[in-house]
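So the protein sequences, as listed, match chains A and B. For the first sequence, position 32 matches number 32 in the working numbering, and the numbering has no gaps at all. Add 1000 to a position in the second sequence, counting from 1, and you land on the number used in the working numbering.
In short, the hints are calculated from the structure, not lab data. These numbers come from a predicted model, not from an experiment. A couple of the hints might just be wrong.
[Stated by the list, open to error] Derived coverage of chain B by chain A (criterion: at least 3 residues anywhere in the stretch with Cβ under 8 Å from a Cβ of chain A; other residues may be distant):
#	region
1	1148-1158
2	1178-1186
[Stated by the list, open to error] Just some of the chain B residues that point at chain A, by a computed CB distance under 10 Å:
#	residue
3	I1195
4	R1272
5	D1274
[As the list claims (entries may be wrong)] Here are some chain A residues the structure puts well away from chain B; computed CB gaps all over 10 Å:
#	residue
6	R19
7	D22
8	P39
9	G53
10	G60
11	E61
12	W63
13	A79
14	F86
15	E99
16	E111
17	L116
18	A130
19	R166
20	R244
Glycine is no exception: its CB is placed at the ideal position from the N, C-alpha and C atoms.
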Amino acid sequence: MNGAILEARAVVKAFGGIRAVDGCSLQVRRGTITALIGPNGAGKSTLLSIASGLYAPDAGEIWFDGSRIDGLPPHLIVAAGLVKTFQIPRELRNMTVLENLMVAGPPRTGERLRDLLLRPREIRKAEDAAIRRAEAVLRTVGLIHLRDEYARNLSGGQKKILELARALMTDPRMILLDEPVAGVNPTMQKGLLSVIEKLRESGTTFVLVEHDMDVVMTRADWIIVMHQGRTLAEGLAAEIQANRAVIDSYLGG
Amino acid sequence: MLVVLSLGLNLQWGHAGLFNAGVAAFVGVGAYTFGMLATGVVVADPTYGYPGHWGLSGPTDLIVAALVAMLVSGLLGILIAISTIRLRADYLAIATLALAEIIRYGFKNARSITGGDLALSSVPRPFALYAAQGWRSDGVFTLVAAAVLLLVLVMIGYLVRSPWGRAVRAVREDEEAAEALGKNTTVLRLGAFGIGCALMGLYGALQASWLYVILPDTFLPFATFTAYVVVILGGSGNPRGVVAGGYLFYALGWGEQEIKSLVRLPDWLNARLDYLLLIGIGLILIGFILFRPQGLLPERKYVPKVREPA
């Protein structure tokens, strides 16, 4: 397992008496789509939240691209190139789709108060660039026709796509996707997945938490199974489908 | 004047979603700062209040004093915010409300500095100087206040349309999401809070320069809620709306006075009209919240456009 971009070492996170993540260790190889599967409550989403800085782990370490990131605030982790989408879309409701995208990413020129006093022209330039960038991303994911719609008016599936589009705006090297296709109609699903695969070609690494086994088995390069806060098994799709322990705990006979 | 105050609040509440229930405190700090800088150098007379201070009185000095008042209020706001800004909306409200009362009692009791309940008086009224030259001082004051308002409006308009304004609105919409998208939400909230508080301080300074005396009880929580009424009526998140709300609020009070002076009302009604006005404002407020929560002028959609071709 050379070339790990993300590594969890014996991560523990408890909520009250429940140890949601209980000594979980795993590695994600650079440039892969790695699926993280397992029954509800296995700790998948919690692990992603820890990696993205929303929670600090009770114990253990997270390493991203050679540096330790556990406990850092989310905005610094995003700046390092690791971004997570939310399982339940967290769109900025009273802002437009385009604004949702423009707001994503490390601080742009003009988002610091001191910039506003000094360099209006540079801000204008940076803004123009940001708009073009956001429009390009919207075209890629197929939301360009909704450019100036309020995000609250989008359908559930469109909001999921917006989540991915916002993540793309942060120039990530790695994206953690928490159930990106659940609730998205099949056509859009295909589009979304082809966007993900295209990005993988250009070097972006993905972790995919997903319950849709068709998607997982056909699209993921590597599958990690979690159960009760730990990794239970990992391997290629065929190996996982043949794994007795995985079938018992999750896939079912 | 009220509009300047409400614009400050609007920045905090309408744009950044920060529920500041201590508006009065920041106004008070601004007023006292201005008052202390501007009152004459007279030895404190414990029986009469009227402590002596720096005695800045020239026109430029007073502008400086007003700026210092803004600065002090703004810095105080940031200082308070550093410890409380992580609190969720309602807790921030409680914390700031408590703070406002603490500061008010501070004003009351620090008699050697503020004059306490006896008031800090003889604040120079720069606008009265013009009266000698045949100007009406209230006319001059109105002009100055209007100029200040215009300046503040332009500044706020620029701020909220800027990338910074967008990031601040993102924090209002969903702080966790904004954080996960790479924003340092703490810094953004501090900035919005600080600027809002500075505007409140500016309002305090204006008020002091107009009223001649500064009394601690001017800064009751009631003053805070007045500002909220204006923001809610006008439209939170829209500076123009806040201006409209300010005038509407003022018009209600003015209308009441006019009715009193023009129509001979029976005494029982005359005596109660002030309270009826308050009840009326309350009803209007409830009506707005139920039927038009976005206010007179709702927040406008921001449609970013590329200005210059690539």
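Evaluated hints:
Three residues within the 8 Å Cβ limit are the bar, and the region 1148-1158 of chain B against chain A gives 1, so the coverage statement is violated. Remark: the region 1178-1186 of chain B is confirmed as covered by chain A, as 8 of its residues place a Cβ nearer than 8 Å to a Cβ of that chain, reaching the required three. A distance limit of 10 Å between C-beta atoms decides the matter here; for B/I1195 the minimum to chain A is near 8 Å, and the interface restraint holds. The beta carbon of B/R1272 is not positioned within 10 Å of any beta carbon in chain A (closest approach about 41 Å), and the interface hint is therefore violated.
The interface hint given for B/D1274 is violated, since its Cβ lies 38 Å from the closest Cβ of chain A, which is over the 10 Å cut-off. Listed as outside the interface, A/R19 is consistent with that label: its C-beta sits roughly 23 Å from the nearest C-beta of chain B, beyond the 10 Å cut-off. With a least beta-carbon separation of about 24 Å from chain B, A/D22 lies farther than 10 Å from that chain, consistent with its non-interface assignment. The Cβ of A/P39 lies farther than 10 Å from every Cβ of chain B, with a closest approach of about 25 Å, so its non-interface assignment holds.
At roughly 8 Å, the least C-beta separation between A/G53 and chain B is not larger than 10 Å, which violates its mark as non-interface. Residue-level check passed: A/G60 sits 21 Å from the nearest beta carbon of chain B, beyond 10 Å. Chain B leaves A/E61 outside its interface by the beta-carbon criterion, the shortest separation being 21 Å against a cut-off of 10 Å. Every CB of chain B lies more than 10 Å from the CB of A/W63, the least distance being 20 Å, so the non-interface label holds.
Chain B draws A/A79 into its interface by the beta-carbon criterion, the shortest separation being 6 Å against a cut-off of 10 Å. Non-interface call for A/F86 relative to chain B: violated, since the shortest CB-CB distance, roughly 7 Å, does not exceed 10 Å. Not every CB of chain B lies more than 10 Å from the CB of A/E99, the least distance being 6 Å, so the non-interface label is violated. Not every Cβ of chain B is farther than 10 Å from the Cβ of A/E111; the closest lies at roughly 5 Å, contradicting the non-interface assignment.
Chain B draws A/L116 into its interface by the beta-carbon criterion, the shortest separation being 5 Å against a cut-off of 10 Å. Annotated as non-interface, A/A130 brings its C-beta within 10 Å of a C-beta of chain B; the closest such distance is 8 Å. Distance check for A/R166 against chain B: the nearest CB is about 6 Å away, which does not clear 10 Å, and the non-interface claim fails. Residue placement check: A/R244 keeps its beta carbon more than 10 Å from all beta carbons of chain B (closest about 38 Å).
Hints 1, 4, 5, 9, 13, 14, 15, 16, 17, 18 and 19 from the list above are not met by this structure, while the remaining hints are.
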